[in-house]
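Protein chains in written order, with UniProt numbering: chain A, 1 to 424; chain B, 1 to 310; chain C, 1 to 277.
Everything labelled a hint here was simulated from the structure, so no lab data went into it. Every residue gets a Cβ at the ideal spot worked out from N, C-alpha and C, and that includes glycine. It is possible that some hints are incorrect.
[Stated by the list, open to error] Stretch-level coverage of chain B by chain C, calculated; a stretch enters the list once three of its residues show a Cβ under 8 angstroms from a Cβ in chain C:
1) 31 to 42
2) 102 to 114
3) 122 to 128
4) 147 to 160
5) 234 to 246
6) 278 to 291
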Amino acid sequence: MRTLLKVLAVLLLLAGCSAPGHREGGPVTLRFQSLAWQQESVAANRELVEEWNATHTDVKVEYVQGSWDSVHDQLLTSFEGGEAPDVVHDASDDLADFAYGGYLADLRGLLPGRLKSDIPSSSWGTATFGTGVYGVPFLQEPRVLIANSDRLRAAKVRIPTPGHPWSWEEFRQVARRLSGPGRYGVAWPLKEPVSATLNLSLSAGGRLFHRDADGKTVVRFTDGDAVVPRTLHDQVAVDHSAPASTLGSGGADTLPGFFAGRYAMVPLGFSYRQQIVQQAPEGFHWEVLPAPAGAAGLIQGVSPQTLSVSADCPHKKEAVAFIDFLLRPRNMVRLALGDWMLPTGTRALKDPALHTTKYGWATGTALAARLRPAPAQSVRGYPEWKDKVATPAYQEYYSGAIGLAELRSRLEDDGNLVLARYQR
Amino acid sequence: MTSVAGAEASATAARRPAGARTAGHGAWFLVLPALVPILLISAGPLLYGILLAFTDAQSGRTGTTRWIGALNFQDLLHDTLFWESFRIGLVWAVGVTVPQFLLALGLALLLDQDLRLRGLARALAIVPWAMPEVVVGIMWRLVYNPDAGVLNETLRDLGLGDGRDWLSGLATALPAVIVVGVWAGLPQTTVALLAGLQNVPRELHEAAAVDGAGAWRRFRAVTWPALRPVALAVTALNLIWNLNSFALVYVLTSGGPGGKTRLPMLFAYEEAFRYGQFGYAAAMGCVLVAVVSVLLAVFLAGRLRGGDAT
Amino acid sequence: MRPRRAARAGQYAALLAYLVFLAFPLLWLLSTALKSPRELGSLHPAWIPRHPTLANVRQAFDEQPLAHAALNSLLVAVATAVVAVVIATPTAYVMARQRTRLARAATGWVVVSQAFPFVLVIIPLFLVLKGLRLIDSLTGLVLVYVVWALPFALWMLTGHVRAVPAELEEAAAVDGAGRVRTLVSVTAPLLAPGIAATALFAFVTAWNEFFFALVLLKSPGKQTLPVVLTHFIGAEGVADLGPLAAAAFLATLPSVAVFALLQRRITGGLLAGAVKS
Chain A
1 MRTLLKVLAV LLLLAGCSAP GHREGGPVTL RFQSLAWQQE SVAANRELVE
51 EWNATHTDVK VEYVQGSWDS VHDQLLTSFE GGEAPDVVHD ASDDLADFAY
101 GGYLADLRGL LPGRLKSDIP SSSWGTATFG TGVYGVPFLQ EPRVLIANSD
151 RLRAAKVRIP TPGHPWSWEE FRQVARRLSG PGRYGVAWPL KEPVSATLNL
201 SLSAGGRLFH RDADGKTVVR FTDGDAVVPR TLHDQVAVDH SAPASTLGSG
251 GADTLPGFFA GRYAMVPLGF SYRQQIVQQA PEGFHWEVLP APAGAAGLIQ
301 GVSPQTLSVS ADCPHKKEAV AFIDFLLRPR NMVRLALGDW MLPTGTRALK
351 DPALHTTKYG WATGTALAAR LRPAPAQSVR GYPEWKDKVA TPAYQEYYSG
401 AIGLAELRSR LEDDGNLVLA RYQR
Chain B
1 MTSVAGAEAS ATAARRPAGA RTAGHGAWFL VLPALVPILL ISAGPLLYGI
51 LLAFTDAQSG RTGTTRWIGA LNFQDLLHDT LFWESFRIGL VWAVGVTVPQ
101 FLLALGLALL LDQDLRLRGL ARALAIVPWA MPEVVVGIMW RLVYNPDAGV
151 LNETLRDLGL GDGRDWLSGL ATALPAVIVV GVWAGLPQTT VALLAGLQNV
201 PRELHEAAAV DGAGAWRRFR AVTWPALRPV ALAVTALNLI WNLNSFALVY
251 VLTSGGPGGK TRLPMLFAYE EAFRYGQFGY AAAMGCVLVA VVSVLLAVFL
301 AGRLRGGDAT
Chain C
1 MRPRRAARAG QYAALLAYLV FLAFPLLWLL STALKSPREL GSLHPAWIPR
51 HPTLANVRQA FDEQPLAHAA LNSLLVAVAT AVVAVVIATP TAYVMARQRT
101 RLARAATGWV VVSQAFPFVL VIIPLFLVLK GLRLIDSLTG LVLVYVVWAL
151 PFALWMLTGH VRAVPAELEE AAAVDGAGRV RTLVSVTAPL LAPGIAATAL
201 FAFVTAWNEF FFALVLLKSP GKQTLPVVLT HFIGAEGVAD LGPLAAAAFL
251 ATLPSVAVFA LLQRRITGGL LAGAVKS
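Please build the complete structure, drawing on both the sequences and the hints.
In structure tokens, the structure reads:
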């Protein structure tokens, strides 16, 4: 009996330790799970939460630090387990399953008019699933070319601008000119090859996902979808202007080689500038160039970061009010600067801090109007298609293991099998 | 993870009759505290899991769960990705277990000798066992790092080329991960074999040496017969554990590049907790259980035979 | 005598190779932990950091809630060790002293459970714990860990109980001591070292465990050390190698310390009590 009692006592003690402290009455408490990870960005988020708490005694917001790493798994099991945060920070390409699964609140009737009109409808499109709106898109980043200025000047290539970008063919030539023994014109960090390829392919008119007459989404790999993959493939396999060794790397892994002058250009998300500023050796000159343009012009797909409200949240109005506060133009600018990204709000985007030429801010801001919703994000089953079919297919194509025909058949045949399971 | 040696010693213990039989009336009561959580947390979920495999259970609150019979298993039969993952799992399990056994045998034989540095080697051989698997994974990521890693740097120093991105190369990822698996499991196996070596009759060894038998003959004739039951048990258990392993590969590659290191465990985890397909994932679990059961049967049969032999 | 000496040399060479294979990743971890970001960014990493720094440790603690995670891990590991031992000791006693069908079934289960793919268990377990509202709770995790540690604890303790000669207990009984007094004054003291060793093993198992913690703990504030460590690896290749190495190194220390305590038991044919009854 003593044993049992002891066990019970220990368990009860533990239960006492871990019981959530916010279930008693009194003021409303909201848990806000932020995925901010750069120091400045965490600071900006925390400051904003403090400012909110200082002015709203009846609604307390508790800052919870999340992590981009495997956020999807974490959120899925949190929602399933009934332990999800009230205000959820995520990215629009991750929301589809949560929205269709009934975990997120439809914000249509809750959003204030100011926020609705401030954010352009193309951005709202990224968070609209079916007829509902399940998140507020607030930060986004174009993929840009970060380039070693000295090597560009030395090779005397034309410097592209958002008004007059390189074409994909021109980009290929430039990369060739910038290469030499032990040196490469460009290094593609393609650990996540699918989103990079699909987003850039929009510029060449590739959409990959098409809606059939019966309303079902299918994959069709057209000529427009082949332009970007073929350029990358040929840079590695034909021109040798891009190394094969970085194809599996994450963006940050290419920076040492970039600083050492081994790579002249690296296509990276706009926010990588922060790491470059932090780590670049003294006397290293770099600049931001727009990505190449194709038949469809200088556009690219993007999946903005979003703020959503959990369907289980008992205080949805308060949660939306907090989101509205976070995304006031001035605050949106602070969040954007903290993350080295672009805000979606049109008023925030006009802030002079985002138009300086320093660190390439102006180049990125000039691209804001060219950003479109990423092609596939509202397709059900897209995550599984991406992980299981598309990622290996693109990786094998880029590394030269398979050809374009095999890539096409894998994306279409295997891919449509997966998508069909979600559209029965 | 702690029980390679466990299996070995329980094999020893099973051969010994229990000391006394002081029958107690409170026996059931004493066993209860252990029995209840086991039924609740281990046996119960197991049965529940088997049932789930016959439903279309999914995450989300918009659909209802229905019985769908063997449809999941039928889907599984056609799921080439799963069978590819299964093949990778077998390559991984065998690829880790066999070198692990050979290396551990060598180390155990060395440690059984009267060598200097033996103490250091014993201490060092324990560390990988003690380390959290996550840390082992992180550590080897640092070793394999294409730019800041020691492996490529050493290759460059030796003039063996520019090195490569080991963990994300399609051809190198699985071998690279297997090396880590061998490293991480070496201690348990070594310790178990070392324990097994204590069973080797010294006199026989010395007698054979006097008769002029060479090292290899002595190993074949004296050491191996005594070690065989332990070796068999350890290998079977290692094979099963390696089939079940998760954390190492999760940290090292998350199953990438392109699924080349996606072990069945990882596959099932993703299916359940990333894509929310609970029923389908449970069906995968059932298949894994079936395979492991076969291995387990082999292990038990081997253990029984080993028990008779000595 | 020549061939013998050659054989010895060969043995030493082999042992040295083993030492290098076992030690070099550990040393590299330590080396990376002590390097500055600039040095880590250089293309030619050196074994010995040029300017050893402890800044990584600070940064690691700044970036992720490491201290809090360590506390969670400690709480879970201690609770697991205590509960597992408290539950397992009486059962092990019964298993060792009685040859009932129950004891045999328990032994069988101990073997089988070692081999079970926990992937089949985790999905329903998740749903069961959800029903009990024990998802995202350290209590729930302890419960799982206890059951997870039980087979091994039972097996170890059974061996230790067997090592206590039943004749001693019988003698005490003949002397008129009651059953409880026999257990407390005769058996328990002899069993204490075994119980301590079992508790330490359970502690390390729980401290190191990753899979269940990954699935069952959701709030960042409740996650244990291994889970938080994986966050350092971060999204698309955003890895701060220095702090990652520093944190990983620190997280290993408790387990290694416990194993050092247990080393004699482990290497000496493992768990003397179990083998030599």
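Each hint, compared with the structure:
| no. | hint | in the structure |
| --- | --- | --- |
| 1 | 31 to 42 | holds (count 9) |
| 2 | 102 to 114 | holds (count 5) |
| 3 | 122 to 128 | holds (count 7) |
| 4 | 147 to 160 | holds (count 6) |
| 5 | 234 to 246 | holds (count 6) |
| 6 | 278 to 291 | holds (count 8) |
Checked against the numbered hints above, the structure violates none of them.
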